[in-house]
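What follows is each chain in one-letter form.
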Amino acid sequence: MDWDFIIISSVKIVCAVVALLTMVAYSVLVERKVSAFIQDRVGPNRTAPPLVAAIPVIGPFLVRLGIFQPLADGLKFILKEDFTPSHVRKIYFWLAPAVAMVPAFLTIAVIPFGSTLGKQNMVIADLNVGILYSFGIVSLAVYGIVLAGWASNSKYPFYGGIRSSAQMISYEIAMGMSVVPVFMMVGHLNLSEVIQAQADGGWFVWRSPMTFLSFVIFLIAAFAETNRLPFDMPECETELVGGYHTEYSSMKFALFFLGEYAAMIAVSSLMVVLFFGGWTLPFFGLNQPAESLGMGLLHIAIFLGKMLFFMVVFIWVRWMIPRFRYDQLMDMGWKRFVPLALANIVLTAVWMWWMA
Amino acid sequence: MSAPDLLFYLFAGLTLLSALLVVANPFSRNPVTSAMFLVLTMVFLSGLFVLLHAFFLAAVQILVYAGAVMVLFLFVIMLLDVKEEERRRIKAFSLGLGATGVGGLFLLIVISIFKGESGAGGYPRIEGSTFELGRLLFTNYLLPFEIVSVLLLVAMVGAILLSKKDLK
Amino acid sequence: MLVKRAKLSWLERLYFPALLGGLKITWRHFARTLFKKAVTMEYPEQRHQLPAGYRGAPYLVKDPDGNTKCVSCQLCEFVCPPKAIKIIPPGPDGQPPDRANAEKMPREFEINMLRCIFCGFCQEVCPEEAIFLKEDYSLVGLTRGEMIYNKEKLLQLGGTHHGPIKKWEQKLREARAQEAFPVKQG
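Protein chains in written order, with this note's numbering: chain A, 1 to 356; chain B, 1 to 168; chain C, 1 to 186.
These aren't lab readings, by the way, just hints derived from the structure by calculation.
Since no wrong hints were added, every one of them can be taken at face value.
Label-pair distances were calculated between CB atoms; the ranges are:
#: 1; chain 1: A; residue 1: 354; chain 2: B; residue 2: 141; range: 24 to 30 Å
#: 2; chain 1: A; residue 1: 328; chain 2: B; residue 2: 111; range: 56 to 62 Å
#: 3; chain 1: A; residue 1: 21; chain 2: B; residue 2: 22; range: 31 to 37 Å
#: 4; chain 1: B; residue 1: 79; chain 2: C; residue 2: 54; range: 56 to 62 Å
#: 5; chain 1: A; residue 1: 8; chain 2: C; residue 2: 141; range: 55 to 61 Å
#: 6; chain 1: A; residue 1: 18; chain 2: B; residue 2: 17; range: 29 to 35 Å
Just so we're clear, the structure is a prediction, and the values are computed from it rather than from any experiment.
The beta carbon of each residue, even a glycine, is placed where N, CA and C say it ideally should be.
Starting from the given sequences, assemble the full structure and let the hints guide the process.
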């Protein structure tokens with residue numbers, strides 16, 4: 001056993017998880033701010049720890065930005081009464097939030113979030129089957145919701161759980177098939193290889209019509225997988241009260257909440273890696289692995305920037321489009337996207353055969 | 001004992017334990033609990049695949065079995081009356097039948113283990129590479145592969161046919 | 001009634017025009033809030049411009065001479081729909097009024113602001129113009145007891161009412177003219 005490897009990996013894991021948690025907390029703030037601005041409101045602009053507002057100029061500005069709101073939210077969730085209704089199935093009721101939270105965190109293990117820093121590759125585990133691993137882990141996320149719905153033992157959460165199990169399986173198929181053309185072109189399932197292929201031959205979004213179609217299907221399926229509007233059938237406030245988390249309160253609810261945002265971050269990073277060149281940029285020689293420390297940090301920043309763009313897309317779309325009807329959702333998944341993705345695979349195969 | 005060996009015994013033990021808890025859980029006769037333990041069994045099995053360097057199989061094991069098939073199982077179980085399942089008594093006849101079947105299978109495996117040449121295992125051919133697996137599926141094992149696909153298609157068509165209320 | 005579903009064109013069925021439309025609208029609002037101003041009024045710092053005749057919390061007022069106008073007739077107590085007002089009159093041998101020409105004064109006058117619905121019936125019914133709905137609309141207190149306003153508090157909050165009619169002065173003049181003095185000199 002190589003002790004260097006263990007220590008460096010642990011450092012990477014701790015950094016990635018801390019960064020992810022921070023980003024989750026702040027994406028909630030971004031969500032609230034963006035939604036407020038779209039609705040002509042101001043959004044969170046009051047919360048401030050003591051004395052901060054007294055700092056001249058910058059203090060009031062930070063407070064208006066709501067930069068301390070996530071801290072207050074977290075504190076509120078921790079201090080709230082953790083209430084377990086008497087009619088629930090206790091073990092699963094307690095298990096479900098954790099199961100909902102964990103997969104999103106596991107997904108980031110295979111995502112290359114930078115080129116190199118010093119001599120280290122900026123990826124926690126450079127698996128040969130990276131994409132399959134991440135799909136496998138993402139597919140486990142459904143258990144959290146299904147178990148929550150079932151364990152709550154009341155009708156609206158149950159509907160939410162049932163809906164989510166059907167929805168997430170359906171869109172997993174479309175999502176999995178949509179990325180097949182990309183891997184046919186790369187010829188490898190490793191995500192670092194995918195980035196390398198894009199550094200050499202241009203990003204997959206606009207490399208060919210087939211990969212663009214892949215991206216569109218993947219994007220839409222990602223919305224369904226993360227239960228975001230317009231596909232947030234499992235919670236669907238107007239129909240199901242709160243869906244699967246109706247009976248949850250306090251930190252257990254917060255875990256669902258954070259899990260949703262962590263899943264958004266995971267899927268955004270997947271999109272960046274698969275279609276938008278990961279940490280590369282096609283100019284200033286930024287698509288080669290970094291030699292210096294500064295370049296390495298710059299690559300991480302580029303990756304985070306692209307990911308944040310997709311986070312904003314996720315958030316923006318929520319306030320842009322109304323919710324779909326459930327039958328429309330399933331109709332779209334099975335009758336449109338699955339055949340489209342299949343046709344896309346065949347088309348790509350024919351095209352590659354033609355070119356070869 | 002090296003780390004992989006230790007991990008093998010860990011995963012094998014956990015697989016067996018959770019597989020046992022699927023069918024004979026002394027604490028709960030809830031079908032959902034059984035299903036969840038089956039999911040755990042799948043996850044530990046994929047751990048065993050990882051130890052064999054069969055990453056593709058490990059990932060697919062989780063993706064297909066734990067992620068899709070078991071979710072559908074759970075979906076169906078949730079729609080059933082769980083209480084009724086919990087109340088159901090185990091009949092001596094079915095218990096005996098099951099025990100005989102499992103015992104026979106176990107005996108068969110033990111006999112074949114002891115008859116086989118020891119130490120002739122070698123590395124499995126499906127190790128790691130997805131290329132290799134794909135090539136094998138489309139050359140040596142093309143016929144079984146296609147037959148399995150047709151079987152699945154037949155099952156699907158049959159299910160649709162059965163679920164249709166009125167045939168026109 | 002049967003509403004015909006609109007026939008969508010091929011492009012519309014693709015959903016993209018709707019997406020673009022949504023993006024346009026949301027971007028317009030986002031940009032306006034970002035670069036100009038949100039419609040939100042930031043409440044504790046900015047307050048509503050209250051229109052004349054706004055009905056806030058009812059308070060007791062004093063006349064320009066600094067005298068309590070209320071004569072404890074209990075009409076407001078009677079008319080109050082949520083029974084928020086409680087008046088204790090002085091009784092036959094109670095405390096005399098604190099100024100001339102008053103028949104009687106309330107010994108205690110309480111308004112429970114938790115019950116008050118700001119309807120303005122008390123102001124409407126008051127024969128002495130002694131109670132007015134003022135402009136306060138956010139009343140706070142840490143206990144229920146704190147929210148029951150007593151006479152002193154109501155008078156202090158109500159301030160002075162500068163009405164054109166000065167009933168007491170007129171009464172005094174009339175009394176002087178008639179040389180009748182059941183009323184004490186002021």
